[in-house]
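All chains should be built: construct the whole structure from the sequences, respecting the hints.
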Amino acid sequence: MDARQTGRRPRLAVWKFASCDGCQLTLLDCEDELLSIAAEMEIAYFLEASSAPGPGPYDLSLVEGSITTPEDAERIRHVRRVSRRLVTIGACATAGGIQALRDFADVREFTSVVYARPEYIATLERSTPISANVPVDFELRGCPIDKRQLLEVITAFLADRRPVVPGHSVCVECKARGNVCVLVAHGTPCLGPVTQAGCGALCPAYNRGCYGCFGPAETTNSGALNAKLRALGMSDPDLVRVYRTFNATEEPFRRASEEAEGDA
Amino acid sequence: MTHKTIRLGGLSRVEGEGALLVRARDGVVTDLQLKIYEPPRFFEALLRGRSYEEPPDITARICGICPVAYQMSACQAIESAFGVEVTGPLRDLRLLLYYGEWIESHALHIFLLHAPDFLGYESGVAMAADHRDHLERGLALKKAGNELVATLGGRAIHPVNVRVGGFYRVPRPRELAPLAEGLRRAREHALDTVRWVAGFDFPDIEHDYRFLALRHPGEYAILSGSPAVSDGTAFPVTDWPAHVVEEQVPRSTALHARLDGTGGYLTGALARYALNSERLSPLARSAAREAGLGPICRNPFRSIVVRAVEVVHACDEALRIIEGYTEPDVPAVPVDPVAGVGHGASEAPRGTLYHRYRVDEAGLIAEADIVPPTAQNQVRIEMDLRALIEPHLDLPQAELAALCERAVRNHDPCISCSAHFLELRLDAR
Numbered sequence: 001m002d003a004r005q006t007g008r009r010p011r012l013a014v015w016k017f018a019s020c021d022g023c024q025l026t027l028l029d030c031e032d033e034l035l036s037i038a039a040e041m042e043i044a045y046f047l048e049a050s051s052a053p054g055p056g057p058y059d060l061s062l063v064e065g066s067i068t069t070p071e072d073a074e075r076i077r078h079v080r081r082v083s084r085r086l087v088t089i090g091a092c093a094t095a096g097g098i099q100a101l102r103d104f105a106d107v108r109e110f111t112s113v114v115y116a117r118p119e120y121i122a123t124l125e126r127s128t129p130i131s132a133n134v135p136v137d138f139e140l141r142g143c144p145i146d147k148r149q150l151l152e153v154i155t156a157f158l159a160d161r162r163p164v165v166p167g168h169s170v171c172v173e174c175k176a177r178g179n180v181c182v183l184v185a186h187g188t189p190c191l192g193p194v195t196q197a198g199c200g201a202l203c204p205a206y207n208r209g210c211y212g213c214f215g216p217a218e219t220t221n222s223g224a225l226n227a228k229l230r231a232l233g234m235s236d237p238d239l240v241r242v243y244r245t246f247n248a249t250e251e252p253f254r255r256a257s258e259e260a261e262g263d264a
Numbered sequence: 001m002t003h004k005t006i007r008l009g010g011l012s013r014v015e016g017e018g019a020l021l022v023r024a025r026d027g028v029v030t031d032l033q034l035k036i037y038e039p040p041r042f043f044e045a046l047l048r049g050r051s052y053e054e055p056p057d058i059t060a061r062i063c064g065i066c067p068v069a070y071q072m073s074a075c076q077a078i079e080s081a082f083g084v085e086v087t088g089p090l091r092d093l094r095l096l097l098y099y100g101e102w103i104e105s106h107a108l109h110i111f112l113l114h115a116p117d118f119l120g121y122e123s124g125v126a127m128a129a130d131h132r133d134h135l136e137r138g139l140a141l142k143k144a145g146n147e148l149v150a151t152l153g154g155r156a157i158h159p160v161n162v163r164v165g166g167f168y169r170v171p172r173p174r175e176l177a178p179l180a181e182g183l184r185r186a187r188e189h190a191l192d193t194v195r196w197v198a199g200f201d202f203p204d205i206e207h208d209y210r211f212l213a214l215r216h217p218g219e220y221a222i223l224s225g226s227p228a229v230s231d232g233t234a235f236p237v238t239d240w241p242a243h244v245v246e247e248q249v250p251r252s253t254a255l256h257a258r259l260d261g262t263g264g265y266l267t268g269a270l271a272r273y274a275l276n277s278e279r280l281s282p283l284a285r286s287a288a289r290e291a292g293l294g295p296i297c298r299n300p301f302r303s304i305v306v307r308a309v310e311v312v313h314a315c316d317e318a319l320r321i322i323e324g325y326t327e328p329d330v331p332a333v334p335v336d337p338v339a340g341v342g343h344g345a346s347e348a349p350r351g352t353l354y355h356r357y358r359v360d361e362a363g364l365i366a367e368a369d370i371v372p373p374t375a376q377n378q379v380r381i382e383m384d385l386r387a388l389i390e391p392h393l394d395l396p397q398a399e400l401a402a403l404c405e406r407a408v409r410n411h412d413p414c415i416s417c418s419a420h421f422l423e424l425r426l427d428a429r
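Those protein sequences? They're chains A and B, same order as listed.
The numbering of the first sequence is the working numbering, which starts it at 1 and goes up by one.
The numbering of the second sequence is the working numbering, which starts it at 1 and goes up by one.
Hints are computed from structural coordinates only; laboratory data are not their basis.
All values derive from a computational prediction rather than experimental measurement.
Glycine included, each C-beta is placed from N, C-alpha and C at the ideal position.
Be a bit skeptical, because a hint or two may be false.
Okay, the calculated bits of chain B under chain A, using three or more residues with CB under 8 Å as the criterion [stated by the list, open to error]:
hint : region
1    : 55-69
2    : 194-200
Residues from chain B that keep clear of chain A, each with C-beta distances beyond 12 Å, as calculated [claimed, not checked]:
hint : residue
3    : 26
4    : 30
5    : 90
6    : 92
7    : 163
8    : 217
9    : 244
10   : 274
11   : 276
12   : 291
Right under this line is the structure:
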């Protein structure tokens, strides 16, 4: 029975897989809201913050990190079983993260570069998003996620509605913020036209081109953007690299990088 | 023969995930392993072939709690390969950004991770039920640090404004001025925090630590300096590979860093304080004196006091930089990539963080080596645990497990610096 029917506080769990901890830290970075959240929800499982993990089931599970080991592939199935709603937080959980660059390489070779005794390492050939392993109720993007969007996810859960998270590109946010377009005005390569909004158009506000850490927007035209980026002097290997960072395996970014690679 | 096995699964209130396995026979610890089950993420491998401009953004993703530390060590390593030095107001801005991270990371550790141990709570949030004013002060302090990082870096986690050579955009003096007000309040909070944590009940335990920390001629080293060891030796950062060697030991969970042939040295707050306390700001020095810290603190439980003193210092120095700030003429010094090897080290909140890169003539990374603080401290943490456990083997399992967890948290391990951690597999032989 879920929390609304029993009148008890809904139970929140925070889980970690292969990741940097930054997205779950975003919850602790809600300095002004943390104690209010704790009043509305029972923080039942959050190893980074508490040494008293409560047992499942949980009403809302926030999942950080990607699946990279056989054990984690099992563990995420357990998490799904004990969670009424499962929301992935961040680029690792939603797209495989920076560690998914192994997908474009040989993971055994990667292992031998870092470890003298690679035979001790148990790792999968790919770093997969949570949705490739179990059904997911909502995916929150970003490397890291945006605090306001995380609060929207939690608020929407408590109000039993779907989170309102725009799927449009960074360009829309950039105009709303009143930034000068770094791509057009300064000739700075920028992934804003193909990247999902959510950060608040941070990079252009700091005179820098967007580097795509929120992953692809709902609709993208990377062909047109690539032509523009080439005209600004970017080589094909440069283009491959800009699409292959924290969301490299997301289909629109994968296609864009492979298109550039094909031309290389 | 009595045989006791303590398993502590799901080590909590550390950043990242680990577990501890201890075996004892007849009152003697026969085996002790701090297990790290952070899956390897292969940063050193995936950095190869990337542009020299990318390590600050990519290595930030090793740790969401101390991304600035990774950015600073990475930038300085690459700059050293190119013979570039960032000085003057640009260096001051780097320091300011780094102080923001220290305030944020230390406040997180002190209030949400470490203090609950001394007051008997399972979490900072649970502690708030009886100590709401303290937790609110901690959150205010943490917020002041995050605001500093977000103003200079664009956001608190994985800042976007750091580049090799400096920044993409430098702040106007009027953007920094409002931070000063918040920092003055934060400094008061920090002084209160020192007094608060100094009054905790500390187990009477000291270890004969061998400390390693950066030293800087004019600063309590954070951004840069030369590695110094408490036995009196010191060496330039470029000699790091000759002194610190990482070994993959069979039947062990992690690469063990050895310093000049010996394992078990300590980096982090206790090490910095032991080697550099005379370079703390006068206010931080007097706070340390009032808190009863001598010139060296060897009790790892008291590291919470040292961290609080470091927060006073960070607030103080950040204010000094803001008050003397003049906007640099350019946001970054020009950088021309040349083939070469560069070394960089800085003091992450949890210890010395070293990066080395070999860059080819096209400006692409050919080789990367990252030595995070927790990889260096792992052997020493295991030694702490062994010494702590042996006299207490008769404690009830749950109590002993809690004591062990506390001993690990004393060193603020950032286990997600999995650049160098292994998943455990027991050697069958």
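Now the hints, each set against the structure:
With 8 residues having a beta carbon nearer than 8 Å to a beta carbon of chain A, the region 55-69 of chain B meets the requirement of three or more and the stated coverage holds. For the region 194-200 of chain B, the assignment as covered by chain A is violated, since 0 residues bring a beta-carbon within under 8 Å of that chain's beta-carbons and 3 are needed. Against chain A, the non-interface label of residue 26/B holds: every CB pair exceeds 12 Å, the least being about 30 Å. No Cβ of chain A comes within 12 Å of the Cβ of residue 30/B; the nearest lies about 22 Å off, and the non-interface call holds.
At the 12 Å boundary, the C-beta of residue 90/B stays outside the reach of chain A, the nearest C-beta of that chain being 15 Å off. Residue-level check passed: residue 92/B sits 18 Å from the nearest beta carbon of chain A, beyond 12 Å. The Cβ of residue 163/B sits about 8 Å from the closest Cβ of chain A, inside the 12 Å cut-off, so the non-interface label is violated. Residue placement check: residue 217/B keeps its beta carbon more than 12 Å from all beta carbons of chain A (closest about 32 Å).
Annotated as non-interface, residue 244/B keeps its C-beta farther than 12 Å from every C-beta of chain A; the closest such distance is 16 Å. At roughly 28 Å, the least C-beta separation between residue 274/B and chain A is larger than 12 Å, which holds for a residue marked as non-interface. Once the 12 Å rule is applied to beta carbons, residue 276/B is consistent with being away from chain A; the minimum gap is 28 Å. With a least CB separation of 25 Å from chain A, residue 291/B remains clear of the 12 Å interface cut-off, as annotated.
Comparing the model with each numbered hint stated earlier shows that hints 2 and 7 do not hold.
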